[in-house]
Each structure stands twice: as C-alpha cells, then as structure tokens.
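J.: Starting from the known structure of chain A, arrange chain B on it as the hints suggest.
Protein chains: 2
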Amino acid sequence: MSKVLVFGHKSPDTDAITSAIAYSHLQKQLGYDTEAVALGEPSAETQFVLDYFGYEAPRVVTKSDEDVSQVSLVDHNEPSQSIDDLEDLTVLSVVDHHRIHNFNTSGPLYYRAEPVGCTNTIILKLYKENNIEIPKNIAGLMLSAIVSDTLLFKSPTCTEEDQEAAQELADLAEIDLESYGLEMLKSGTNNEGKSALEIVDGDAKSFDLNGHQVRVGQVNVVDFEELLARKEELLEAMAKENEDKGYELFLLLITNILESDTLGLVAGDHYDRVESAFESTIENQEIKLPGVVSRKKQVVPPLTDHF
Amino acid sequence: MSKVLVFGHKSPDTDAITSAIAYSHLQKQLGYDTEAVALGEPSAETQFVLDYFGYEAPRVVTKSDEDVSQVSLVDHNEPSQSIDDLEDLTVLSVVDHHRIHNFNTSGPLYYRAEPVGCTNTIILKLYKENNIEIPKNIAGLMLSAIVSDTLLFKSPTCTEEDQEAAQELADLAEIDLESYGLEMLKSGTNNEGKSALEIVDGDAKSFDLNGHQVRVGQVNVVDFEELLARKEELLEAMAKENEDKGYELFLLLITNILESDTLGLVAGDHYDRVESAFESTIENQEIKLPGVVSRKKQVVPPLTDHF
Numbered sequence: 014m015s016k017v018l019v020f021g022h023k024s025p026d027t028d029a030i031t032s033a034i035a036y037s038h039l040q041k042q043l044g045y046d047t048e049a050v051a052l053g054e055p056s057a058e059t060q061f062v063l064d065y066f067g068y069e070a071p072r073v074v075t076k077s078d079e080d081v082s083q084v085s086l087v088d089h090n091e092p093s094q095s096i097d098d099l100e101d102l103t104v105l106s107v108v109d110h111h112r113i114h115n116f117n118t119s120g121p122l123y124y125r126a127e128p129v130g131c132t133n134t135i136i137l138k139l140y141k142e143n144n145i146e147i148p149k150n151i152a153g154l155m156l157s158a159i160v161s162d163t164l165l166f167k168s169p170t171c172t173e174e175d176q177e178a179a180q181e182l183a184d185l186a187e188i189d190l191e192s193y194g195l196e197m198l199k200s201g202t203n204n205e206g207k208s209a210l211e212i213v214d215g216d217a218k219s220f221d222l223n224g225h226q227v228r229v230g231q232v233n234v235v236d237f238e239e240l241l242a243r244k245e246e247l248l249e250a251m252a253k254e255n256e257d258k259g260y261e262l263f264l265l266l267i268t269n270i271l272e273s274d275t276l277g278l279v280a281g282d283h284y285d286r287v288e289s290a291f292e293s294t295i296e297n298q299e300i301k302l303p304g305v306v307s308r309k310k311q312v313v314p315p316l317t318d319h320f
Numbered sequence: 014m015s016k017v018l019v020f021g022h023k024s025p026d027t028d029a030i031t032s033a034i035a036y037s038h039l040q041k042q043l044g045y046d047t048e049a050v051a052l053g054e055p056s057a058e059t060q061f062v063l064d065y066f067g068y069e070a071p072r073v074v075t076k077s078d079e080d081v082s083q084v085s086l087v088d089h090n091e092p093s094q095s096i097d098d099l100e101d102l103t104v105l106s107v108v109d110h111h112r113i114h115n116f117n118t119s120g121p122l123y124y125r126a127e128p129v130g131c132t133n134t135i136i137l138k139l140y141k142e143n144n145i146e147i148p149k150n151i152a153g154l155m156l157s158a159i160v161s162d163t164l165l166f167k168s169p170t171c172t173e174e175d176q177e178a179a180q181e182l183a184d185l186a187e188i189d190l191e192s193y194g195l196e197m198l199k200s201g202t203n204n205e206g207k208s209a210l211e212i213v214d215g216d217a218k219s220f221d222l223n224g225h226q227v228r229v230g231q232v233n234v235v236d237f238e239e240l241l242a243r244k245e246e247l248l249e250a251m252a253k254e255n256e257d258k259g260y261e262l263f264l265l266l267i268t269n270i271l272e273s274d275t276l277g278l279v280a281g282d283h284y285d286r287v288e289s290a291f292e293s294t295i296e297n298q299e300i301k302l303p304g305v306v307s308r309k310k311q312v313v314p315p316l317t318d319h320f
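For the record, the sequence lines run as chains A and B. Numbered by the numbering used here, the letters in the first sequence go through residues 14 to 320 in order. Numbered by the numbering used here, the letters in the second sequence go through residues 14 to 320 in order.
To be clear, the hints were calculated from the coordinates, so they are not data collected in a lab. Check the hints yourself; a few may be wrong.
To be verified - As a list, the in silico SDA-like pairs of lysine to any residue whose alpha-carbon atoms are at most 25 Å apart:
{"no.": "1", "chain 1": "B", "residue 1": "K310", "chain 2": "A", "residue 2": "L102"}
{"no.": "2", "chain 1": "A", "residue 1": "K253", "chain 2": "A", "residue 2": "H225"}
{"no.": "3", "chain 1": "B", "residue 1": "K309", "chain 2": "A", "residue 2": "Q83"}
{"no.": "4", "chain 1": "B", "residue 1": "K141", "chain 2": "A", "residue 2": "I145"}
{"no.": "5", "chain 1": "B", "residue 1": "K218", "chain 2": "B", "residue 2": "S208"}
{"no.": "6", "chain 1": "A", "residue 1": "K309", "chain 2": "B", "residue 2": "L102"}
{"no.": "7", "chain 1": "B", "residue 1": "K141", "chain 2": "A", "residue 2": "N144"}
{"no.": "8", "chain 1": "A", "residue 1": "K141", "chain 2": "B", "residue 2": "P121"}
{"no.": "9", "chain 1": "A", "residue 1": "K23", "chain 2": "B", "residue 2": "P315"}
{"no.": "10", "chain 1": "A", "residue 1": "K76", "chain 2": "B", "residue 2": "H114"}
{"no.": "11", "chain 1": "B", "residue 1": "K310", "chain 2": "A", "residue 2": "E100"}
{"no.": "12", "chain 1": "A", "residue 1": "K244", "chain 2": "A", "residue 2": "Y284"}
{"no.": "13", "chain 1": "B", "residue 1": "K218", "chain 2": "B", "residue 2": "N144"}
{"no.": "14", "chain 1": "A", "residue 1": "K141", "chain 2": "B", "residue 2": "Y65"}
{"no.": "15", "chain 1": "A", "residue 1": "K310", "chain 2": "B", "residue 2": "E100"}
{"no.": "16", "chain 1": "B", "residue 1": "K41", "chain 2": "A", "residue 2": "P128"}
{"no.": "17", "chain 1": "A", "residue 1": "K309", "chain 2": "B", "residue 2": "Y65"}
{"no.": "18", "chain 1": "B", "residue 1": "K218", "chain 2": "A", "residue 2": "N117"}
Note that the structure is a prediction, hence the values are computed from the model and not measured.
Isolated chain A, as found in the complex (with noise of 0.2 Å):
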C-alpha cells in the first residue's frame, strides 16, 4: 500500500498542524505508512508549539504527491478548506469537530467528529481506545492545540472533555498548563513584523449571508491598544479587500486573549445589522463585543440571523 497522507485544512492553525502530526503518529504504531503535512505555512504561535516540543513544522503541499492515492483528514471536511485535488483522491479517515458540509465519498471509510473543542481532544480517545503510549512531546503539541482552539478553556466552544484532555496531556507532557499555556497565546499575539493586510486577512473566513458576501476575520492580542494604534491602516485593509473581493461587509474582532474580550473594526455596509446582532452601537467604526472569543458560536450565529 502506498503512503497516506494526513493533513489539516488551509490556512493551518495550531490544532489543524498538530492535529496531523499525532493523527500519523497514531496510524503508523497501528501498521499504516503515513506522513503528516500542512497545507501552509504554520502561524507564529504554531512554531512557538514545534520549537518548544522540538518538532519539524510539516512539509507543505497544496496538491498530493504522485504516487499518493490515500488521504485522512484532520480538523476539516469541506472540500474548500482541503486539498486542491480531493477529488482525485481516495479518503481514508476523517477526524474533525467542525460540521459535515460538501464532503461526498463514494465508498465506506472510517468518520470520527464530535462536538468537542478541538480536534486532538478526541485523537487522545483514539490513542487510547488503540492501546496507544502518546510520546511525551506529542502529548504536548496536542494539548498546545486545546488551548489554542478553546483561548486556555475560555471560549464557549470547550466542553468538559477537552479541560480533562488538556490535563491528561500535560501530566504527561509534565507541562504547567496554566503558566505555559498563557506563555504559548501570548506567542501568537506579536503583530509588529506584520502588514495590516496581513493582520485583517491572516485568521479570515467568508460567509455567504443569505447572499451577501461578509468577512471575518480574527487577531489575537494582549492589549487593545497595539492593533488600536494602527486603527486607520487596518480599516484601509478592509476596504480594499471589500473592493477587491467583493464582500459586502468586513468584520475583524480584535480578541484579548487575556480579559476574553473583543473590539470588532467594520469596514462595508449593513451597520444596521451588525449593531442588531449584537445590541451595540458602531461608533467610528468600532463596536464593542464584550465576552465574545468564539466567531464559530458567538459571531456568526447571530449575524446570521439578523441577515
């Protein structure tokens, strides 16, 4: 059998890239010739994670290799977010905690997601439900992706399960989860270096809104102040992006990982709605959205309904 490729969606975050990194380690103690790759280039708290686990980042493909007929998934589903030639390709294994959408195979596999925060919250059921050992700096890129995808279990997407995941992992990776993973969000929260394009568009997703096109996009920081400062450049950004890619509306929320607080920035049309969605006023085209940290729970649904 040739090997198998395991990877996470576009646009890689920490739990897209660990996700495959441990999901392939599982598959090959079980018999399977895998390789773990990424489908770009991995974020700033993503290296954090590898370089203090001592990790490689994975080789990043945008198509599979040729002699590469079999894939898992991790972390995704939507053929959008995957590979550019799925469709050539035969899908092994899935695991995810997103929704099912666009994802048709034509024969049997073996599908895992549940409703949990993050995807190796489940992978470790996996390891264990295989009789698996997790090597200690496995363990600890896996619970790095907890706290990454749940902001230290602050956002409304954790369950109970992943915090028993995360100390199940940090125990074995002998990892203070509190200390270190304040240290590891704090990693991905240095916009210095960074374009204002790049600040507005790096973590963005499109939604079609019942036919209008909107944008949102997300940046993690320490202190309001720092993104604040660059307020006129970054709505520049937006527009031109509006402009360009036709959306209609332009939404970055600017989270604080340390209060669990965000500041939206609006670029585009529908004010109206967005101040309805979320019972605030936009006020020089800022709006509060106090105890929001989740776009997936606390963003989208109710921008989706007042569309």
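T.: Only chain B this time, still in chain A's reference frame:
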C-alpha cells in the same frame, strides 16, 4: 430536552431496525430521552428476529412528531434514504457503515462511521467504550443484524471485526451462531405469498450510472428453482417498472444464501454492458453470477465501470 428519535433507513432491513433499538437503548443508559422508530414495516426476516428475542416492532413513522426537533440516524446518512422532514431537524449523531453522500449539517455533531459490514458491529464498540452492559435480548438483535448484513460472514463486505463482534454477542445472547443464523436467513427467503412486484422491488435500489438510470433488486432464496418457476411473471414486473419509472435497465439478483451464488434476471437495455461487466453471457434474460452475494461490493462497482 425533548425526546430524540433514533431510526435507520427507509425500506428497513434487519440492521436498520435493530441498530435503532440497540443505539437508542445505549443512549437511554447514558441519560438521554430517546425512542427507536422505523421508517417502514419490518421484513419477514426482521419480524422473525424480533419475535425470537421478544421485542415489539418499533413504531413506524414517515416524518417526526411535532414536539421532536432532534434525531439520531443509524445505518444511513443520505437524506433520500431518511425521514421526510430531515431538513427541519437537528441531527445529534450518526452511526453508519456506508459512504457519506449529500449529508450536510449546520453545526458540529457526533458522527461515527467505520468501513465494516454492519452498523451493530460499531454499536457494540460504543457499548464497550461507555462501559454499558448489553441486555441478552438486545445482544440477540445485534448479532442477527451482523448475520443478515454479512450473509453469515460470506459477503465480501464482512470484516474480521464483524465476525468477532457476532461471536461475542452470540455468547452474550447464549445463541449458537451457525444454527440460529441459518434459521434466521431462511426465514427471510419465503417468497410464497409475495406478488412479482414485491419480489423484484422489495429490496431494490436505484443508481444513476453516468446518466443512465439503473435499478438493481436483490432477493434471497435457498433454492433458485422456487423463483425460476415464476420467471416470466418476474420479468414482466421488471419491464413494467422500467416503463413506469424510466429505468433503462432492471437487474434482479436472486441470491442463494446457502451456496453463496447469484443468478441475475435482466430486463431493459444495455445487455452488452452487463455482459462485459460480469464477463458472462445473458441467455433468455438470465445471467450466471457465480460467487456473487454483495450488491454493494460485487455488482454496483463493475456496472459503474462499464457505464
């Protein structure tokens, strides 16, 4: 939380009905308010199984009750095979062993699919993972589904896991697998009281093969002669179905479950494609398919290749 309905596919077979019962029982032990229902009446085989282990047939529904908003699917995921008002409902979980097709959700869910021969093989794992004891009569229902889906382990869809699961469940149910299994399979081969249409279409599925509408029925027997005696009547029913429903080809698989052998009856066009698909000739609308027992693994793939 209101009640969750659990059901298998339309035109239910033994796996569809018993996996709903077994999964619903598991969910109840885990504290959920669930009810197993069915999207059709039990077949003769399924009724034999229910009677043998002292179970009532589940309530038959075509759409959900008014106060139900959440459902769990077993043994299927394709909306065309599911409850009529599926798009108005939230799917909490799926346990299945088929391909994934046209199944989309708006939020994350529990999805457990494995490429094994029977849904109940997966459900046995779920009982174990949750440390829930399986009642003796539910073990009996579950092993019956494995025997049914794998034709007593003779189908190429059968995996080692299915065989081990059936043995484990037989021990729990205190059943001799071989003798019970044969008796059960035979109970589903009584076609005496059935009309020709009931026989050709009772377990038939439609396939769009490169734009050609093809219908493939399957009926189990212990002796080819009992149905060959009604050959003209069956061919007439197939031709009428082609005319009424617009199928270009109707292939009826008459499968001898004792000898793991199939005889095909053919009505409609594309004889050349059928002959090349199975490297065999059609004589008097009959084609020998030695060793064939699985529509999914041994009939649909070669047909697909030749259309």
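J.: Against the structure, test the hints numbered earlier, and report the numbers of the ones violated in rising order.
T.: Going through the list in order, the structure violates hints 9, 13, 14, 17 and respects the others.
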